[in-house]
Structures are given as C-alpha cells and as structure tokens.
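Colleague: Modelling step: build the complete structure from the supplied sequences, incorporating the hints.
Number of protein chains: 2
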Amino acid sequence: MSYYGFVVIKDFSMKLFEYPDKSEWKEILQRPVLDSRSLDEKVSLVLKEVKMKRDEALREFTSRFDGITIHDFLVSENEILQAKQKVSKELKKAIQIAANNIEKFHIAQKEKSKVITTFSGIKCWRKSVAISKVGLYIPGGTAPLFSTILMLGIPARIAGCEEIVLCTPPDKSGNIHPAILFAADFLKIKKIYKVGGAQAIAAMAYGTESVPQVYKIFGPGNQYVTAAKQLVARDGVAIDMPAGPSEVAVFADKSCVPSFVAADLLSQAEHGNDSQVLLVTNDKKVLEKAKLELDLQLEQLPRKVFAANSLANSKAILVKNIEEGIELINEYAPEHLILQVKNYKRVADKIINAGSVFLGNYTPEAAGDYASGTNHTLPTNGYAKAFSGVSLDSFVKKITFQEISKGGIKKLGPVIETMAEAEELIAHKNAVSLRFRKK
Amino acid sequence: MSYYGFVVIKDFSMKLFEYPDKSEWKEILQRPVLDSRSLDEKVSLVLKEVKMKRDEALREFTSRFDGITIHDFLVSENEILQAKQKVSKELKKAIQIAANNIEKFHIAQKEKSKVITTFSGIKCWRKSVAISKVGLYIPGGTAPLFSTILMLGIPARIAGCEEIVLCTPPDKSGNIHPAILFAADFLKIKKIYKVGGAQAIAAMAYGTESVPQVYKIFGPGNQYVTAAKQLVARDGVAIDMPAGPSEVAVFADKSCVPSFVAADLLSQAEHGNDSQVLLVTNDKKVLEKAKLELDLQLEQLPRKVFAANSLANSKAILVKNIEEGIELINEYAPEHLILQVKNYKRVADKIINAGSVFLGNYTPEAAGDYASGTNHTLPTNGYAKAFSGVSLDSFVKKITFQEISKGGIKKLGPVIETMAEAEELIAHKNAVSLRFRKK
Chain A
301 MSYYGFVVIK DFSMKLFEYP DKSEWKEILQ RPVLDSRSLD EKVSLVLKEV
351 KMKRDEALRE FTSRFDGITI HDFLVSENEI LQAKQKVSKE LKKAIQIAAN
401 NIEKFHIAQK EKSKVITTFS GIKCWRKSVA ISKVGLYIPG GTAPLFSTIL
451 MLGIPARIAG CEEIVLCTPP DKSGNIHPAI LFAADFLKIK KIYKVGGAQA
501 IAAMAYGTES VPQVYKIFGP GNQYVTAAKQ LVARDGVAID MPAGPSEVAV
551 FADKSCVPSF VAADLLSQAE HGNDSQVLLV TNDKKVLEKA KLELDLQLEQ
601 LPRKVFAANS LANSKAILVK NIEEGIELIN EYAPEHLILQ VKNYKRVADK
651 IINAGSVFLG NYTPEAAGDY ASGTNHTLPT NGYAKAFSGV SLDSFVKKIT
701 FQEISKGGIK KLGPVIETMA EAEELIAHKN AVSLRFRKK
Chain B
301 MSYYGFVVIK DFSMKLFEYP DKSEWKEILQ RPVLDSRSLD EKVSLVLKEV
351 KMKRDEALRE FTSRFDGITI HDFLVSENEI LQAKQKVSKE LKKAIQIAAN
401 NIEKFHIAQK EKSKVITTFS GIKCWRKSVA ISKVGLYIPG GTAPLFSTIL
451 MLGIPARIAG CEEIVLCTPP DKSGNIHPAI LFAADFLKIK KIYKVGGAQA
501 IAAMAYGTES VPQVYKIFGP GNQYVTAAKQ LVARDGVAID MPAGPSEVAV
551 FADKSCVPSF VAADLLSQAE HGNDSQVLLV TNDKKVLEKA KLELDLQLEQ
601 LPRKVFAANS LANSKAILVK NIEEGIELIN EYAPEHLILQ VKNYKRVADK
651 IINAGSVFLG NYTPEAAGDY ASGTNHTLPT NGYAKAFSGV SLDSFVKKIT
701 FQEISKGGIK KLGPVIETMA EAEELIAHKN AVSLRFRKK
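In order, the protein sequences belong to chains A and B. FYI, in the numbering used here the residues of the first sequence are 301 to 739. FYI, in the numbering used here the residues of the second sequence are 301 to 739.
Among the hints, erroneous ones may be present.
Taking lysine to aspartate or glutamate pairs in the EDC-like style, the calculated list, with each CA pair at most 16 Å apart, reads [to be verified]:
(1) A:LYS414 x B:GLU411
(2) A:LYS423 x B:GLU631
(3) B:LYS326 x B:GLU631
Keep in mind the hints are simulated off the structure, nothing from the lab.
Modeller: Next comes the structure, spelled out in structure tokens:
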C-alpha cells in the first residue's frame, strides 16, 4: 500500500491523514486482510476427527493443544462450588449489577405476536420461538472473558433456549478460571465443558458422547475457532456472525475531552496487536492534545506493548467538517463508535453503519463492553454495513403462521390462480382451485 | 441407507412408514445430502474472473453459459415499457393485490425504537437502519419467478434500502421475461441486470463497471448460485440464508380433506425432482384416501414427471397420535408445514421448528407462496431449527446506542472498573476511572 496525499508525523503514534480526498478514503479505511481460509485444511482435519472419533478426538486434541489430558469434560458441581468461593464479593456484586442491566435491555427486545388481517378472511402472524439448542464458546488465555458469558447467556436465557452448552479451554492444570464458572453458574448454565479451539466448535456442531450437538454457535475465538465456525456453518450449523479483530472509531470535535479520547483509543488498542483504532476529528488541536494524552497514558499500561503495536497500525484522520466525518465513518462502518462531539444526537441520527454507538463525553465504550446493558458481541471488519450485533433476535427464529377462512380463499383464490399459472406451477393452482371451486 | 422396521407399499407412490420407533426417526427424516462444495473450485474460478475482469468476464460467462452476447447488462427503460405491454391485465391486477398483502404484513414488522433506562443515568436503545445496498437474484428458466421479486423487493423498499440491484439471466435472445420486468418496475426497482448464475453473484459481491457492489445478496438459484453465495459469504458479503430444495410437511388427521392433502403434496412435488414432501398422519384411512387422490391429480399435471419423481423420494409416516406427530415434525423442521388437523391452533402452539405454518383445511401453501402476505423465502433442509425466513429484519441492521450522564458513569463506574480489572484490561478501566474520578 502506498501512502500519498497525507503527512506521516513521525512522533505521532497513529498514522495521520490530513484532509484526505474522498478518492483516497477506500485505501485509508482498508482493514488488514485476515483470511482464515489458509487454516481450512488443518481445521477441517480437526472437524473430521471429532466427527468420527468424538470424545476420543477431543481428548487427543486437548492433550496436544492445551497440554492436559481431560477425562471428564463436564465441569463438576464440586468444581463450581470451589470456584464460587474464589471469586471476590466485589466481583460477584459487579457481575450481578451488569447482568441486571443486560437483562433489562434484552428483555425489552421481546416482540409481541401481532395478528395482521392482510386481506378479507386472511390472518397472518409471526411468533418468536427460541432456538432450542445453542452453544457458547468462551476463549481461554490469561484473562477470563466472563463478560462474554453474560452477553451470550442472558439473551439465551430470556429467549428460552432449552439447552445451553458452554465450551471453554482448560488451563495446563485442567482448570477453568473461577470467574468463568461463577458467571456461568450465575446464569444457571449447567453444561460447561473443558474443551477449546476448533475441537470445541466441532463438538458442538456434531455432538460427541460428552458434548451435546447444538443448532447455533456463538462466541469469539482465535483464528482456528473462526475458521472452524465458518466451516461448520457450511454444514448448516448457524453461527452468530463472521469474526474479525475488535475496532473503535472515536469522532471528536473541540468539545471533546482529549484525555477521554486517548483513554478510549487505548482501551481498544490494548485488546491485541491487530485491534483497529480510528480517530476522526475536524479539529487539528484535538489531534495534538490527544497525542500528548496517548503518550502519557500509554506509559502506565500493563498491556503497553499490545497497545503501542496496535496504535502504530491505527489512523487519525482530519476531516473538513462534521458532515464529512459522518460520511467517512459510515464508509468505515466501525464496530464501536464513540461520539465526543457537541451535537452528538444530531450526528447519531446520521450514522447508518456501526455496531454500537456511544454518545457524548461520558459514555465510554467500556460501559457497553461490561455493564450498561447493550450487547458487546458486535460486527467488526465493516460487517456493520449488513450485520447487527447479538441481541435477543440471535437466539430465536421467527416462524410465520397463517389461517385462511373458506371465504378468504374464495376471494383471494383467483389472484393465486393467476399468479401460479403465470409461473407455470399448475399443481400450486390446483391446490387453491380445489378449495374454492369445489361444489 | 437401509430401510428396516417399516413396510414399503409398492403401489403407493410415497414411501410408507407405519408407526416407526423414535430410534428410527433420524434415519427416516434424513434429507439427501446436497453439498455444493464439489463445485467450489469451478465457481471460485468464476468469482475470481469477475473480480479481475469485471464486465468483460460477465460478458464471457453469459455468452458461454446463457448462449447470448450481452452488450448492455442494464435493462433499458424501453425494454421495461415493452414488457409492461405484454403482461395481461389480469396478472397485473393479481400482482398488485399480492403486493398489497405482502406490504401490509411486512410493514407491521417495523420496530419502534424504545429508550430503556437500564440503570440510573444510563439510557440504551436500538435503531433499525436499512442495509443501504442489497442485491436480489432471480433465477431464469422456463417459469418466471416474479413472485420472488415481490417477496424480496417489498421488504427492501419498506426497510428503505437505498440501492436495490436485481440480477436475472437473459434468455437465448437476450431478453428477460416480461412478468419479471413488470414486477420489478412495479416496485420501482430500476437497476435490473441481464446476468445470471455464479457470475451474477460475483458481480453483486465485488462490483463491476455495470453492476454495483452490494452488502447483502438475496434469492434462490441453482447449485452454482448456491455455491457462489456461500463463497462470497466467506468474503464477508451477507447472504439471506443457506439454500436447499423446497419442502412441505402436511400433518393430517381424519378431519382433513384428502383431495386438499394430495393437492398440497403435489404443489410441492412439482417444483423439481429434489423437492421434499412429507405426509404425517395418525389415521391410516387418510393415507389410503390421499393415495387415491394423488394418483388422480398427478395424471392431470403438466409437470407430472417432476412431481412423480419427487413423490417417489417422499415419505408418508403413520404416527400413534397427534402428540407424536408434533414431536416428529419438530424433529424434521420443515420449511412449510400445513396443519390439516382438527385442533390446528393447539397443534400450532406446539410447533417450535418450521419456516411457515399453514393452519386448517382452507390454508394451502400456495397462498403463502404468492399472495397472503407472508414471505415465501424460508429456511429449508432443517435450517428452521436455527434460521428464520426472510422478513423486514433481513433488510435492516439494528444498531445499539447509549448515552450516559456524568451521574450515571459515577454510579456504574465502579462496577465497570471491577469487571475490567478482573479481565485484566486496565485501559478499559482507565477509560471509566478518568471520567468519574477526575477532580
């Protein structure tokens, strides 16, 4: 990629683009191409093995990839009891409050069934019905992502999913982090399995002796998990959405608080080297002040290396005015969008491509990541142009129903006959004719 | 597949299963495995060519596969004018009535944005925003599927999709069927392109000089189109749902009208050799009567060969009682389910896996296929366990928004801090701390 038409200020940790021409936007806004297809062959083998050898394969892969031999994949009640004792009172209380907010927001997404009389004698309606078996994948690693359990488990519970399966990799001693077990238990998720990676996705997609088969799989993961989800999707298992590295765009004008802007950018950057961070502003001073704050705050971060690497790949874009900024952001379609601009409501009204939008100086992304109530499983990589984040909808199907009276089919019948005949589907026509032309 | 534990009555055109044991259901209900993956290599080449050579590739493939060289892919206004003259008054009127019903049903799916105060000082809401660019694929062949244009175009219009692109293959003279053009024009779809097959999917996914790039692709198609949709989905283009051959399950008891049952089975069977037809009943006499009717009605069908072939692959299942029938149907998860049973409302309440349900003796599937108002783009192949049919939702994204007051972040801040710290994301914690611990 060649950079032209903008200046790179060496000591600014983000790449700076001053008033780029619209013709350059596409190139500037391009995300790194991450294609899990190169792993397809490897991951396909894992899927195949699990499909054939089931638990035996899970045991083999867990031993190979996680360095531990697991005999019983299901987490025992005793393990859960022990975990509950290890979680601090403070964290328990925090999880409870966050869960309460998340529940409130997702319960409000329930839809009442409305019967619509579309035509005389014809009643049509939709009903939301829970997907009866769902699987949640929670990645391992040093930090326990218990917040994702809340984000997936709460709407699953509200939807009424009968069977909720949770897979998460064990550590080298064969344990799961207590916070994970506490959060799952808090949501009454009983089927927690010590299995991670592509093999966990395979287990939930096809079922093994231990792990039940599910109809839809949710949750983040590394590139192997991502590839596995895409491959099982090809076998008809539903997945939440295509995955990509997490992103934030901060749109700031002179009304912003530069230290907040910097903190928001860093809170995205600390996720990993590949995190995408974008600062859009119509004010050059904001850039300068944010830069100073970034340098200051970066120094104090334990995940400084991640954050610094990710910032080096990030971009600050100076736009002519608020309108141009809105247009650019809609073109980028960020997963998270923070609006630190004066007329944030007016701007929010014009945002058409984003996963979740945070309005004003006192609404950090971190609030939505944990506790405000909105879901944090959101479309990355520009998918916000066509995909929604996870919501109650993600855990239900909407089945349509219709009931037609004798009078209704008599009145609408000729319309259906005409259309069926024009499409040359005569049996379709007959099915209608018989019902109202019958003597 | 070995058939055991049931009797095949030779002169019955469907395979008969009498009171099969539950342990046999899985095998009986299995659909033929249709895997478009064998076409991946071929189709990938088409996608690659279109991505690189754009219109030139479209021209080449159209010439090769459709037997006609197209210079201008966009259908001209003049062509539309001429087409409108060729469509009968009666069909125009029928399309108008159907469109009106479909519009009523889909408009009712609009969701009002509700602001939820999840916590003191914290407001969260969702907004439905149209996917700005969508592509509709309408297959060619002898019968013009104008009804699918209504089913996709109407919700796209209601959602407010800015750009609606329609691709459909030309016939050997380079023309599109007048009913297709009339229906598209009726919905004010202006961008109609004469291109079909995998190359049409590629054109909409990547864009060419003629065909605009879209964010989501809808519509049925042959196995090449299906493979192309699944391959572009891997590139992040959204698609409506995984595809499979159309299906119907008719659940009938002694209150049914056997001639209606037979007509409904045939109206599915006529679609093609691979159509899936299932008859479930708790009454042996229904089987006998339906068989007689099937033989009678089949004789009169122009698509008799399709229907007969498809019936030969179809199954009639005798169940012990209504409850067992419900259980079996939920296990099958049919695309269409017709309930010709006495207590059809009670039965409908217990259906948890189906695309669309038709209640009572006077509600044929054909009504929903064309004109009652519900959508006919529905999950096949058991996908109804996790997928919904096309609806207004399919043409929008739901963006979440939140606004937090100074007081709100002060109150919820400590909760977020605790959770962020437990997940070892210190920059997340800082972004919150800064906002309320600031002097």
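Colleague: Taking the hints in turn, state whether each one holds.
Modeller: Hint check results:
1. For the given pair, A:LYS414 sits about 12 Å from B:GLU411 by alpha-carbon distance, which is consistent with the 16 Å threshold.
2. Taking the CA atoms of A:LYS423 and B:GLU631, the gap is near 27 Å; set against the 16 Å cutoff, the hint is violated.
3. Pair hint B:LYS326 plus B:GLU631 holds up; C-alpha atoms about 8 Å apart against a cutoff of 16 Å.
Checked against the numbered hints given earlier, the structure breaks only hint 2 and satisfies all the rest.
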